Structure formats: structure tokens, C-alpha cells
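Engineer: Here are the chains, one letter per residue:
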Amino acid sequence: MSEFAAIARGVTKRFGRTLALDDVGIEIRAGESHALVGRNGAGKSTLVSVLTGMQVPDAGEISFFGEPAPPVADRAAWRRHVACVYQKSTVVPELSVAENLFINRQDLGGGLISWKKLKAEASTLLETYDVAVRPDSLVSTLTVEQRQLVEIARALSIGSRFVILDEPTAQLDGPAIERLFDRMRSLQDKGVTFLFISHHLQEVYEVCQTVTVYRDARHIVTAPVAEMSKPDLIEAMTGEAGGLNVPSGDDRPSSEDQILTVSSLSGDHFSDISLSASRGEVIGLAGSASSGKHEFAETVYGLRKPSVGTISVNGSAVRGGDVPAALKAGIGCVPRDRHHQGLVLDLSIAENATMSTAGAFVWPSAQRSAGATAIASYDVKASGPDQPVSDLSGGNQQKVVMARALAGDPSVLVLINPTAGVDVKSKESLLGVVDAQARRGKAAIVVSDELDDLRVCDRVLVLFHGQVVREFARGWRDQELIAAIEGMSSE
Amino acid sequence: MTKAMTPPVSAPTPPGKQKFQFARYQDLALVPVIILLLIIGAVLSPIFLTPGNLIAVLTQQSELSLLVLGQAMILIVGKMDLSLESTVGLAPALAVALIIPASAGGLDVGLAAWMALPLCLLIGVAIGGLNGFLILKVGLSGFMVTLGMLTMLRGLQLAITEGKSLIDVPESFLYLGSTTWFGLPAAVWICIVCYAAGIFVLKYLRAGRSLYAVGGNSEAARAAGIRVDRVVWTVLIIGSVLAVVAGILMTGRLGSVAATQGEGMIFQVFAAAVIGGISLQGGKGTLFGALSGVLMLGLVEQILRLQGVSGFYIKASYGAVIILALIVTRFATGQKQE
Numbered sequence: 001m002s003e004f005a006a007i008a009r010g011v012t013k014r015f016g017r018t019l020a021l022d023d024v025g026i027e028i029r030a031g032e033s034h035a036l037v038g039r040n041g042a043g044k045s046t047l048v049s050v051l052t053g054m055q056v057p058d059a060g061e062i063s064f065f066g067e068p069a070p071p072v073a074d075r076a077a078w079r080r081h082v083a084c085v086y087q088k089s090t091v092v093p094e095l096s097v098a099e100n101l102f103i104n105r106q107d108l109g110g111g112l113i114s115w116k117k118l119k120a121e122a123s124t125l126l127e128t129y130d131v132a133v134r135p136d137s138l139v140s141t142l143t144v145e146q147r148q149l150v151e152i153a154r155a156l157s158i159g160s161r162f163v164i165l166d167e168p169t170a171q172l173d174g175p176a177i178e179r180l181f182d183r184m185r186s187l188q189d190k191g192v193t194f195l196f197i198s199h200h201l202q203e204v205y206e207v208c209q210t211v212t213v214y215r216d217a218r219h220i221v222t223a224p225v226a227e228m229s230k231p232d233l234i235e236a237m238t239g240e241a242g243g244l245n246v247p248s249g250d251d252r253p254s255s256e257d258q259i260l261t262v263s264s265l266s267g268d269h270f271s272d273i274s275l276s277a278s279r280g281e282v283i284g285l286a287g288s289a290s291s292g293k294h295e296f297a298e299t300v301y302g303l304r305k306p307s308v309g310t311i312s313v314n315g316s317a318v319r320g321g322d323v324p325a326a327l328k329a330g331i332g333c334v335p336r337d338r339h340h341q342g343l344v345l346d347l348s349i350a351e352n353a354t355m356s357t358a359g360a361f362v363w364p365s366a367q368r369s370a371g372a373t374a375i376a377s378y379d380v381k382a383s384g385p386d387q388p389v390s391d392l393s394g395g396n397q398q399k400v401v402m403a404r405a406l407a408g409d410p411s412v413l414v415l416i417n418p419t420a421g422v423d424v425k426s427k428e429s430l431l432g433v434v435d436a437q438a439r440r441g442k443a444a445i446v447v448s449d450e451l452d453d454l455r456v457c458d459r460v461l462v463l464f465h466g467q468v469v470r471e472f473a474r475g476w477r478d479q480e481l482i483a484a485i486e487g488m489s490s491e
Numbered sequence: 001m002t003k004a005m006t007p008p009v010s011a012p013t014p015p016g017k018q019k020f021q022f023a024r025y026q027d028l029a030l031v032p033v034i035i036l037l038l039i040i041g042a043v044l045s046p047i048f049l050t051p052g053n054l055i056a057v058l059t060q061q062s063e064l065s066l067l068v069l070g071q072a073m074i075l076i077v078g079k080m081d082l083s084l085e086s087t088v089g090l091a092p093a094l095a096v097a098l099i100i101p102a103s104a105g106g107l108d109v110g111l112a113a114w115m116a117l118p119l120c121l122l123i124g125v126a127i128g129g130l131n132g133f134l135i136l137k138v139g140l141s142g143f144m145v146t147l148g149m150l151t152m153l154r155g156l157q158l159a160i161t162e163g164k165s166l167i168d169v170p171e172s173f174l175y176l177g178s179t180t181w182f183g184l185p186a187a188v189w190i191c192i193v194c195y196a197a198g199i200f201v202l203k204y205l206r207a208g209r210s211l212y213a214v215g216g217n218s219e220a221a222r223a224a225g226i227r228v229d230r231v232v233w234t235v236l237i238i239g240s241v242l243a244v245v246a247g248i249l250m251t252g253r254l255g256s257v258a259a260t261q262g263e264g265m266i267f268q269v270f271a272a273a274v275i276g277g278i279s280l281q282g283g284k285g286t287l288f289g290a291l292s293g294v295l296m297l298g299l300v301e302q303i304l305r306l307q308g309v310s311g312f313y314i315k316a317s318y319g320a321v322i323i324l325a326l327i328v329t330r331f332a333t334g335q336k337q338e
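First to last, the sequence lines map onto chains A and B. For what it's worth, full-length UniProt numbering labels the leading residue of the first sequence as 1, then goes sequentially. For what it's worth, full-length UniProt numbering labels the leading residue of the second sequence as 1, then goes sequentially.
No wet-lab data here; the hints were simulated from the structure. Quick caveat, the model's predicted, so the values are computed rather than measured. Every residue, glycine too, gets a C-beta built ideally from N, C-alpha and C. Check each hint, because a few of them may be wrong.
To spell it out: a stretch of chain A is covered by chain B in this simulated footprint if at least three of its residues, at any positions, have a beta carbon under 8 Å from a beta carbon of chain B; those stretches are [as the list claims (entries may be wrong)]: (1) 321-332; (2) 361-368.
Which residues of chain B face chain A? A few of them, derived with a C-beta cut under 7 Å, are [said to hold, decoys possible]: (3) Y204; (4) R206; (5) R209; (6) A213; (7) G216; (8) N217; (9) E219; (10) A220; (11) A223; (12) A224; (13) G225; (14) G283.
With the hints as constraints, model all of the structure from the sequences given.
Structural biologist: Right, dumping it as C-alpha cells:
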């Protein structure tokens with residue numbers, strides 16, 4: 001047994017003319033949690049697909065516990081060496097937990113499937129890893145957290161002792177992330193090795209011992225987490241000195257001029273919320289995933305119908321539950337999930353950016369120039385306005401969503417998780433756009449779990465079980481805000 | 001270790017550029033195949049390239065092409081309508097039956113003869129509207145609803161006509177399908193105008209582009225302010241109306257409404273659309289592509305016919321050709337057809 005769970009050396013991988021990995025390596029000690037960080041496009045995903053045998057590298061070698069990696073065709077052997085919990089779910093939603101755990105080996109080696117035995121085996125497995133899920137419930141009824149646990153349990157049951165977690169926290173709320181970390185620590189005690197990928201640097205410090213940074217398809221540095229300060233880490237990721245440069249906006253001019261007024265609005269998962277935003281004001285909405293903050297923001301933009309209450313922009317009421325009416329009234333929105341609601345992936349940047357605003361006629365030349373303007377104003381890295389958005393990295397896709405939200409020059413912006421899953425650099429530029437819009441006299445609502453997003457706000461409202469429970473003025477302390485989000489009073 | 005001070009601009013670019021270039025020509029993927037078929041036809045038969053023969057091909061395909069136009073738009077928006085082929089028969093049969101006396105096989109309602117065409121189009125709107133209502137408002141599966149309508153509408157036609165052809169068709173009804181304008185059958189002109197309008201709308205009008213947004217990602221379309229249900233509903237109604245127009249042309253060409261008018265066409269409709277690059281998953285494909293799919297099938301059919309392939313074999317060969325065409329398209333476009 002080698003002391004390394006996985007070693008990759010001199011790995012190079014090209015896709016057409018793009019160099020996705022340029023002679024990189026990684027050494028993951030058995031029993032550690034090793035973080036892999038880097039901006040979007042740094043090569044993290046490609047390394048994951050090489051380490052899991054989904055892609056054959058053009059050059060380089062890979063070994064697990066001292067043995068060279070099996071041939072790519074031998075999927076079963078790969079699965080015994082390494083397991084990966086991808087961001088996208090790899091379970092079949094309409095099958096039971098038990099069947100998913102033993103998918104493609106439901107007969108447990110017996111030839112005929114015994115459903116009773118399968119269920120019993122599944123129960124044992126779930127118990128072993130302390131996953132509180134019924135084996136006969138359908139996977140589609142599970143929460144994201146439970147689904148991930150099922151995937152981890154499945155990975156471990158195949159015999160793998162090396163698990164790759166690809167942005168596991170992206171869709172979890174605070175307490176669920178903590179529970180995931182506890183579980184990682186206890187599995188680590190039992191000898192499981194993790195490769196942990198995340199955009200949240202704080203999480204790296206919480207749960208990992210070693211960190212590797214990739215940038216522009218190259219290996220930059222590998223070091224113990226304890227010896228790497230946050231600014232150093234960000235410098236390694238971006239190639240630029242200094243931490244996250246988010247405009248705090250405390251010098252923004254304030255105004256008494258109310259633009260957005262929401263009065264006693266109730267709807268799905270929230271009730272009786274009133275707020276008003278003036279010109280140049282940015283309001284943050286924080287809360288756990290079940291707090292109703294997303295639903296509130298979606299109702300303001302007309303994606304959901306309110307049960308009672310009114311929304312008005314510049315004094316005139318906006319019809320509830322009607323997106324075109326909201327757009328017309330001057331509300332722009334970055335929706336919660338860019339893949340699900342933000343973009344039509346097969347269409348071009350230009351077409352996505354102008355989707356809300358195009359007049360009756362769409363002249364390709366005008367659309368292209370609008371797309372080119374969006375690329376320039378929001379700093380989108382792309383070959384041109386005709387490029388399909390499916391080619392772009394996450395951060396650049398999110399900038400296209402931002403461009404679409406701002407295309408009609410709205411006076412109110414509703415931004416839901418505006419920086420979810422984007423790298424540090426894109427985060428800076430997206431939050432810079434929010435600040436710039438506020439300085440132009442627009443009002444914005446930022447719904448987010450990320451403290452960095454909330455720092456750009458003039459005040460932060462905390463929602464808990466569908467109601468505003470606290471309000472923080474600028475200058476809040478992290479612990480205070482987090483305590484309020486988790487529903488703990490820290491008075 | 002290099003210290004790159006600026007973020008890499010070039011890294012993600014090349015694959016995108018290639019993909020885009022490729023997508024641009026995908027539309028024209030069938031043009032070489034069509035030219036090849038014209039050459040094969042000319043080699044095999046001396047009369048193949050004569051205007052008479054080519055006009056015959058266009059005329060035969062005019063009705064199919066209107067159905068494909070409707071179906072292509074419905075597929076782009078992410079739905080499908082199997083009932084189009086029954087609409088082709090029922091709408092003219094019902095409209096005519098409401099006019100002619102019972103002695104000629106009608107319903108003895110005795111509406112004025114001029115009402116035949118407007119009535120027929122109205123029936124198309126009603127069928128499309130009903131499909132839309134069941135799919136969008138009641139929330140039923142589009143496939144199953146239109147499969148039910150396929151059977152029900154055909155059955156309704158048989159019930160009204162007692163399985164007989166309607167021969168006593170008003171003059172106004174026969175005009176479009178049988179007349180010639182500027183040397184080309186009116187049916188061909190109608191197709192040209194419909195396709196030109198469709199291609200223009202889907203490329204240059206916001207309403208047309210919204211079809212791709214809805215079919216590509218309906219949630220994103222909704223968040224962008226597109227009224228998704230309204231778009232889908234409109235497209236379903238337009239599809240049915242195009243099927244009605246096809247039925248009117250067919251009635252005019254044949255001089256009567258057969259009880260089986262349109263039966264079995266839906267398979268060719270799907271074949272032509274998919275060969276023409278329309279994705280069954282929605283959001284992809286162009287009407288020009290769909291049109292070239294229709295032309296390709298028409299040329300193949302004509303070549304087989306001129307070669308005197310026996311009637312017993314023509315159906316099998318036609319089916320084989322559809323599969324062959326799919327294979328050719330698969331490799332010409334380099335994309336899997338799910």
C-alpha cells in the first residue's frame with residue numbers, strides 16, 4: 001500500500017486547439033482531504049474526468065495506491081479505485097434508493113433480482129454510513145443533501161476508498177454543508193480519502209488539509225492549508241496580488257426617492273413582507289434555503305403569483321405573477337439557476353442577451369452588435385456574439401444572464417444567487433456591475449447566501465420561515481449575520 | 001511556473017468557433033444530397049430534368065411540405081402533433097358535408113357554398129385550439145392527446161361520410177388545388193409563400209425567435225418574459241391550419257374528399273422533418289432544413305417511380321430510403337439524432 005491514494009504526473013490533455021491540462025500533476029495522500037481550487041476554466045473538471053477514467057489524457061500517468069490506472073475500457077476497475085460525486089446528479093430519479101445504490105448489480109451476483117434481499121442490503125449499507133433515508137423511497141423525493149449522501153454511500157459500497165466531490169456544497173444551505181463536513185471528517189477517520197472541489201475558499205480551510213491550485217491549465221502550487229493564507233490562495237488562483245476586491249459601496253450617494261415599494265406581500269413560503277428601495281440602494285436578502293427568500297424575489301419579478309399584497313415601481317402597481325408586466329414596469333432579474341432558468345444553452349450569446357428586449361423585428365446585425373456590446377460591457381470572455389453560451393465557462397455564462405437582466409435598462413434589479421458557481425474574478429466583475437448600476441440610480445435586491453455578495457448591500461434583511469426577522473445596516477459582523485441566518489439569536 | 005497577469009482570453013475560444021462555423025452550414029447539409037439525387041435521376045431517366053417532371057415532384061410534395069412546415073414549428077417549440085394527418089381529411093370533409101345536401105352524402109345543413117373555405121380554416125383553428133387546451137391548460141401529455149385526436153378525428157370523418165368519398169365538392173374548394181398561376185400550380189406558389197413567410201418569421205421576428213427559446217429551455221424563456229403557453233398554443237393552431245390548407249389543396253387536386261385523405265402521412269412528415277435537421281427534443285433546426293428534407297424525399301420517390309419499381313416494393317423501398325437518408329444526415333451533420 002502506497003501512502004498516496006492517487007498520483008497524477010505530467011498529465012496533458014487537449015480538446016481541439018484548447019489546452020485543457022498542460023503537464024500538470026497532483027499527489028493526494030491516503031486519508032487526507034485534498035482541495036483542488038482554481039478559477040473556471042483552470043482545468044479542474046478535466047482533471048476530474050481524467051482521474052475518473054472518463055477521458056484519456058494525451059500524455060502523463062495516473063496511479064491509485066501505487067498501482068497504475070486500469071485501461072479506460074474497464075469501467076468496473078475504475079469504479080473500485082475512485083468514485084466521484086458530480087455536481088449533476090448521477091442517480092435515476094424515478095427508481096428507489098435501494099435500486100440506485102445497486103444499480104446495474106441489482107441481482108447482487110445471483111442472476112435473478114430478489115427485491116427483498118436488495119432492500120435489506122440497501123438498509124445495511126445506509127446504516128453503515130449513517131444515512132437516514134428509507135431504501136424504498138424514490139430518489140426524486142429526496143432532498144439534494146440526501147441525494148448526495150446516497151451517491152457517496154454508493155461510491156463507498158463499490159469498494160472505492162478515494163472519493164472526488166465536485167462542488168458538493170453548491171446547492172446546499174449552511175447547516176447541510178456543516179453536516180456534510182462532519183461526515184467527511186468521520187469518513188476520513190475511517191481511512192477514506194477525498195478530493196474536494198469548491199469555489200468557497202472558506203470551506204477549504206474548514207475541511208481540507210492540503211490544497212492544490214490550478215490556473216490556466218497549469219499546476220501552480222500545492223501546500224498544506226495551514227501554511228496558505230487566504231490572500232496567498234487568491235493570488236495563486238488569479239495571478240494577481242490581493243484578496244477579493246468587492247466594491248463595498250459605502251460611498252454611494254443615497255437618495256430619498258423610492259423606486260420599488262412592496263407592501264405586505266405574501267406568497268409561496270413567505271408572508272407579509274414589506275420593503276421599499278430608493279434610488280441607488282442595494283438591499284440584501286439572506287436566509288437559509290427554506291427561508292422563502294428565493295420565493296419572495298421570484299414573486300417580485302412575476303415568476304410566482306402573490307396571494308396578497310402589491311408591488312409597485314415608481315408609484316404604479318405591477319400585475320403579480322406576470323413576467324412581461326414586470327419587465328415593462330422596469331424590473332430586471334437574474335434568476336436562481338442559470339442552467340434551469342437563465343439561459344437557452346444552444347442559442348448564441350447575442351440571442352440570450354437580447355431575449356427580453358428584442359422588438360417585434362430581430363435583425364441579426366443589430367442583435368449581433370447588441371451582443372458585442374454586452375460582451376464588452378460585462379467583460380464576457382468569448383470569441384464573439386455568435387458563440388453559443390454552452391461553450392462558455394460558468395462565470396461567463398452568468399455575465400450573459402446579467403446582460404440579459406440589464407438589457408432593458410431596468411430601474412429595479414432582482415438578483416438571485418448572482419455569483420453562484422463562478423470564480424473569484426467573475427464574482428468581482430459581477431458585483432462591480434451591481435455597484436455601478438446602483439451608482440446610476442437603480443435599486444437592487446441581492447438574494448444570496450454568500451457574505452461577499454451581501455457586502456455590496458446597503459442593508460441586509462434576514463428571512464426566517466418566510467418572515468423578515470432581522471435587519472442589518474452596513475458594517476455587520478460575519479458571525480452576527482450567520483447566527484441570524486441560522487435562526488439563532490445573538491442579542 | 002508562469003505568472004500570467006491577465007486572465008486567459010483565448011483558452012475557451014477555439015472549440016466555440018469551430019462549433020459555430022459548423023452550425024452555420026448544417027442548414028445546407030442536404031443541398032449536396034439534393035443535387036446528387038438530381039444527377040442520379042437525370043442519368044437514370046432522360047425525362048427527369050424536364051420542367052414537367054420537376055413541377056410534378058413539387059406538386060406532389062406541396063401538401064406534405066405544408067404539414068412538415070407546421071410540424072417543424074411544433075417540434076422546434078418542443079411539442080409534437082400527430083393529429084395533423086387526420087385534420088387533413090376531417091376539415092375539408094366536415095366543411096363540405098355542412099354545405100352539400102344529404103343526397104350527395106352531406107349533413108343537410110345547407111350552408112352557402114362560399115362558406116366552404118372559411119369554415120374549413122375555422123375547423124383547423126378549433127382543432128389546434130383544442131389540442132392546445134388539453135396539453136397546456138389541462139396538462140395532458142402532448143403525444144397522447146394528439147394520438148387520441150388522430151384516431152378520433154379520422155373516426156369522426158368516417159362517421160360523417162359513412163366511409164364514402166365526397167364527390168360533390170363546391171367549385172371554390174377545388175380552385176386552389178387545381179389551378180395554375182404563372183406556369184406553376186397554385187399549390188406550389190402557396191408553399192413557396194408559406195415557407196418564405198415561415199423562414200422570415202423564425203429568423204427575423206421576435207415572436208419567431210421565441211420558438212427556439214421555448215423549445216430550448218422553457219423555464220429560461222419564461223424568466224425572459226416570453227409568454228410560453230401563448231407561443232405554444234399559437235404554434236399548435238398554425239400547425240392545424242397549415243394541415244387544413246394541405247387538405248384543401250389535396251381535395252382540389254383529386255376533385256373529391258376521400259375518406260382516407262391524409263392517412264399515413266404523419267410518418268413522412270416526421271421523416272422529412274428529422275432528415276431536415278429538426279430535433280425531436282425541441283429548440284433546434286430550421287424551416288429551410290425541413291423544406292430540403294421534403295424535397296429530398298420527393299426526389300427519391302420520383303426516381304423510384306420512374307424506375308418502375310413495382311407497387312408492391314415501393315413502400316418498402318421508400319421506408320428503406322428514409323432510414324438511409326437518416327444515416328446520411330447523421331454523418332453529414334455529425335450529430336446524433338436522439
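Engineer: Give a verdict on every hint.
Structural biologist: Hints and how they fare:
1. Counting residues of the segment 321-332 of chain A whose CB falls under 8 Å from any CB of chain B gives 4; the rule of at least 3 is met.
2. Coverage of the segment 361-368 of chain A by chain B holds [criterion: at least 3 residues with CB-CB distance below 8 Å; count 4].
3. The beta carbon of Y204 (chain B) comes within 6 Å of a beta carbon in chain A, closer than 7 Å, and the hint placing it at the interface holds.
4. Annotation: R206 (chain B) was flagged as interfacial toward chain A, and the flag holds, the nearest CB pair being 4 Å apart, inside 7 Å.
5. For R209 (chain B), the suggested interface contact is upheld, since its CB lies about 5 Å from the closest CB of chain A, less than 7 Å.
6. At its closest, the beta carbon of A213 (chain B) sits 5 Å from a beta carbon of chain A; the interface hint therefore holds under the 7 Å criterion.
7. Hint on G216 (chain B) holds. Least Cβ distance to chain A is approximately 4 Å, under the 7 Å limit.
8. For N217 (chain B), the shortest C-beta to C-beta distance to chain A is roughly 5 Å, which falls under 7 Å, so the interface hint holds.
9. The restraint placing E219 (chain B) at the interface with chain A holds, with a minimum CB-CB distance near 5 Å, inside the 7 Å limit.
10. Annotation: A220 (chain B) was flagged as interfacial toward chain A, and the flag holds, the nearest CB pair being 5 Å apart, inside 7 Å.
11. The criterion of a C-beta within 7 Å of any C-beta in chain A is met by A223 (chain B), whose closest approach is roughly 4 Å, and the hint holds.
12. Hint status for A224 (chain B): holds, given a least beta-carbon distance of 4 Å to chain A, under 7 Å.
13. The beta carbon of G225 (chain B) is positioned within 7 Å of a beta carbon in chain A (closest approach about 4 Å), and the interface hint is therefore held.
14. A hinted interface residue such as G283 (chain B) counts as satisfied when its beta carbon comes closer than 7 Å to some beta carbon of chain A; here the least separation is about 6 Å, so the hint holds.
In this structure, every one of the numbered hints holds.
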